[in-house]
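There are 2 protein chains.
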Amino acid sequence: MFAPLQNDTFLRACLGQSTDYTPLWLMRQAGRYLPEYRATRAKAGSFMGLATNVDFATEVTLQPLERYPLDAAILFSDILTVPDAMGLGLSFALGEGPKFAKNVRDEAAVAELAVPDMAKLRYVFDAVTSIRKALDGRVPLIGFSGSPWTLACYMVEGAGSDDYRHVKTLMYARPDLMHQILALNADAVALYLNTQIEAGAQAVMIFDSWGGVLADGAFQTFSLAYTRRVLAQLKKTHDGQTIPRIVFTKGGGLWLDDMKDLDCHVLGLDWTTHLGAARAKVAPYGKALQGNLDPNVLFSPPDTIATQARQVLDSFGTPSEGSTHIFNLGHGISQHTPPESVSALVEAVHVHSRKLREPQ
Amino acid sequence: MFAPLQNDTFLRACLGQSTDYTPLWLMRQAGRYLPEYRATRAKAGSFMGLATNVDFATEVTLQPLERYPLDAAILFSDILTVPDAMGLGLSFALGEGPKFAKNVRDEAAVAELAVPDMAKLRYVFDAVTSIRKALDGRVPLIGFSGSPWTLACYMVEGAGSDDYRHVKTLMYARPDLMHQILALNADAVALYLNTQIEAGAQAVMIFDSWGGVLADGAFQTFSLAYTRRVLAQLKKTHDGQTIPRIVFTKGGGLWLDDMKDLDCHVLGLDWTTHLGAARAKVAPYGKALQGNLDPNVLFSPPDTIATQARQVLDSFGTPSEGSTHIFNLGHGISQHTPPESVSALVEAVHVHSRKLREPQ
Numbered sequence: 061m062f063a064p065l066q067n068d069t070f071l072r073a074c075l076g077q078s079t080d081y082t083p084l085w086l087m088r089q090a091g092r093y094l095p096e097y098r099a100t101r102a103k104a105g106s107f108m109g110l111a112t113n114v115d116f117a118t119e120v121t122l123q124p125l126e127r128y129p130l131d132a133a134i135l136f137s138d139i140l141t142v143p144d145a146m147g148l149g150l151s152f153a154l155g156e157g158p159k160f161a162k163n164v165r166d167e168a169a170v171a172e173l174a175v176p177d178m179a180k181l182r183y184v185f186d187a188v189t190s191i192r193k194a195l196d197g198r199v200p201l202i203g204f205s206g207s208p209w210t211l212a213c214y215m216v217e218g219a220g221s222d223d224y225r226h227v228k229t230l231m232y233a234r235p236d237l238m239h240q241i242l243a244l245n246a247d248a249v250a251l252y253l254n255t256q257i258e259a260g261a262q263a264v265m266i267f268d269s270w271g272g273v274l275a276d277g278a279f280q281t282f283s284l285a286y287t288r289r290v291l292a293q294l295k296k297t298h299d300g301q302t303i304p305r306i307v308f309t310k311g312g313g314l315w316l317d318d319m320k321d322l323d324c325h326v327l328g329l330d331w332t333t334h335l336g337a338a339r340a341k342v343a344p345y346g347k348a349l350q351g352n353l354d355p356n357v358l359f360s361p362p363d364t365i366a367t368q369a370r371q372v373l374d375s376f377g378t379p380s381e382g383s384t385h386i387f388n389l390g391h392g393i394s395q396h397t398p399p400e401s402v403s404a405l406v407e408a409v410h411v412h413s414r415k416l417r418e419p420q
Numbered sequence: 061m062f063a064p065l066q067n068d069t070f071l072r073a074c075l076g077q078s079t080d081y082t083p084l085w086l087m088r089q090a091g092r093y094l095p096e097y098r099a100t101r102a103k104a105g106s107f108m109g110l111a112t113n114v115d116f117a118t119e120v121t122l123q124p125l126e127r128y129p130l131d132a133a134i135l136f137s138d139i140l141t142v143p144d145a146m147g148l149g150l151s152f153a154l155g156e157g158p159k160f161a162k163n164v165r166d167e168a169a170v171a172e173l174a175v176p177d178m179a180k181l182r183y184v185f186d187a188v189t190s191i192r193k194a195l196d197g198r199v200p201l202i203g204f205s206g207s208p209w210t211l212a213c214y215m216v217e218g219a220g221s222d223d224y225r226h227v228k229t230l231m232y233a234r235p236d237l238m239h240q241i242l243a244l245n246a247d248a249v250a251l252y253l254n255t256q257i258e259a260g261a262q263a264v265m266i267f268d269s270w271g272g273v274l275a276d277g278a279f280q281t282f283s284l285a286y287t288r289r290v291l292a293q294l295k296k297t298h299d300g301q302t303i304p305r306i307v308f309t310k311g312g313g314l315w316l317d318d319m320k321d322l323d324c325h326v327l328g329l330d331w332t333t334h335l336g337a338a339r340a341k342v343a344p345y346g347k348a349l350q351g352n353l354d355p356n357v358l359f360s361p362p363d364t365i366a367t368q369a370r371q372v373l374d375s376f377g378t379p380s381e382g383s384t385h386i387f388n389l390g391h392g393i394s395q396h397t398p399p400e401s402v403s404a405l406v407e408a409v410h411v412h413s414r415k416l417r418e419p420q
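From first to last, the protein sequence lines are chains S and W.
Position 159 of the first sequence, counted from 1, bears residue number 219 in the numbering used here, the numbering being contiguous throughout.
Position 282 of the second sequence, counted from 1, bears residue number 342 in the numbering used here, the numbering being contiguous throughout.
The hints are simulated quantities; they were obtained by calculation from the structure and are not laboratory data.
Be a bit skeptical, because a hint or two may be false.
Straight-line alpha carbon distances no greater than 35 Å define the calculated DSBU-like cross-link-like pairs of lysine-lysine that follow [what the hints assert, rightly or not]: (1) S/320 with W/320; (2) S/295 with S/159; (3) S/162 with S/341; (4) W/341 with S/310.
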């Protein structure tokens with residue numbers, strides 16, 4: 061059904077296997093910093109118009125690969141498609157973040173929730189298959205979902221938040237309801253990711269974008285436990301291939317000891333964590349690391365970008381069998397990024413990471 | 061000049077000395093969650109009208125102490141008074157954050173900066189003396205400043221930010237200019253805190269509210285190094301009393317190993333850090349810890365507040381000579397907090413922390 065893979069560097073690094081250089085992709089690599097993305101977005105009329113149209117989603121997913129020799133593609137979609145399919149009514153006002161028509165803050169609203177019919181998310185799975193075909197084996201395709209906790213944040217707040225007041229109020233005052241929401245989210249996310257795998261995703265990533273806002277103790281109970289519940293339900297292989305799983309908790313560097321034994325292949329890190337120190341913790345557990353350049357480095361001149369990229373690679377050190385690195389930003393690329401900065405970054409990572417592997 | 065101190069629990073705990081219970085104060089304890097604060101704020105007309113009027117500043121500083129048996133008072137002021145005195149023009153639009161009339165993003169703007177004449181900040185020092193007199197020895201008074209890096213964030217961005225794009229662009233692309241700003245900020249902050257100490261502040265706290273947005277490596281170079289430069293210039297004693305120094309880096313839990321040897325008495329922590337684990341790291345360096353309840357706990361029923369407060373106390377464990385704890389939130393109290401929640405918290409901390417000290 062799909063063309064054979066020509067560049068397996070990303071998948072090999074996820075699985076702890078040796079590669080000639082450090083593979084690289086960027087969170088939100090298909091996005092507003094690219095003029096061709098903004099043109100497609102204008103044609104689509106709205107963000108959800110873009111995300112729900114298979115042709116548009118395919119087009120924008122491939123745009124960064126036309127410009128840069130990146131080592132993976134990631135499905136163009138939103139982390140909030142699952143709660144939208146639960147009937148909460150997702151929308152994006154121009155220039156603003158996501159907003160739900162309904163929020164979930166009491167027993168009645170929780171009682172109405174159910175794992176959504178995957179037919180409602182068919183536009184996502186169709187996009188996965190379409191993108192995989194369009195990639196024609198150039199690089200692997202990553203599928204993704206928000207984590208149960210991150211989805212719950214938006215479901216309870218009804219939108220983004222700067223203090224997470226409503227979701228934390230529910231969590232502290234009614235932990236029973238929060239556990240109900242999270243269990244349901246975990247089962248929905250697992251089904252959603254498994255269906256992406258069946259549709260053609262060659263790796264999957266769980267974005268725990270808001271795990272880092274939790275208190276120590278609450279993170280383990282309300283975020284990590286439900287990420288584990290997702291992982292326990294995921295298909296390990298498809299079509300005879302291992303499907304690597306990546307877990308990224310923004311602000312989660314403090315909890316590496318809690319995450320090092322997760323049933324996944326890769327842990328994503330933001331820029332606050334020292335890669336070498338993190339590697340020492342997770343390498344005995346066979347985990348690869350993904351990250352972690354500050355996206356704001358991309359506002360610097362090319363020389364500075366190259367220097368900073370080399371520092372990230374050097375802080376990880378030379379990869380070894382069972383302890384590998386996937387280069388990425390520590391968060392999504394900024395919409396204000398000059399596209400030529402990404403060229404400088406990709407070149408620096410590919411060149412320097414080959415040098416790192418040369419015998420000393 | 062000032063009345064003798066009746067409750068020295070806070071100062072003793074800062075200095076690693078034994079106390080009968082764990083002292084407690086709350087960041088932003090004089091603030092919008094109190095109806096009496098909102099009434100004074102309305103009389104003052106604007107936030108800066110409130111902060112620059114000695115009588116109003118004294119009134120609001122004492123308000124929480126009338127309601128709750130807190131163990132310290134903190135000067136009512138803003139962290140941005142120093143860049144305002146540098147001529148950048150601080151204002152607060154109603155319901156919005158701080159805004160500067162000028163920002164500092166290029167060589168010319170940096171060249172214009174200078175350590176401000178402390179006469180321009182006389183309203184702060186007058187408030188310190190007035191508050192100290194009004195306290196009449198009930199509890200000690202804490203003075204404070206933003207850290208050099210945190211001030212720089214606002215000076216370069218010109219306002220709050222969600223991505224710190226401008227300040228990080230300057231930092232990565234023109235580190236020479238950033239170092240100039242930070243050196244100047246450090247010298248200004250040291251002078252500012254020393255003048256607060258002379259005016260009557262019995263302890264001082266440096267708020268590195270935005271240190272946690274920096275990448276590992278950049279934090280040490282651009283934030284911590286300049287906090288050290290402030291600390292090196294601070295008066296160690298005044299009127300024969302040691303002046304305890306507290307350093308609080310929001311999101312700094314990952315860097316405790318870098319901070320444990322700071323020339324200060326107390327490290328403040330946000331809720332993401334486990335107090336017991338942090339204590340094990342810093343106790344050999346004689347540091348006390350301050351924190352770290354999630355302010356969102358205060359939206360729960362009183363029983364839950366008490367349980368969560370006990371968990372924070374228990375996670376630190378029984379204080380010992382040279383390893384002590386000051387209870388606080390992990391960040392400023394939310395304006396939406398029900399005032400009665402603070403009563404429940406104060407009682408729980410005082411009662412349970414006495415029990416912790418009982419022989420087993």
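Going through the earlier hints one by one, which of them does the structure break, listed in rising order?
-> Structure breaks hint 3 only.
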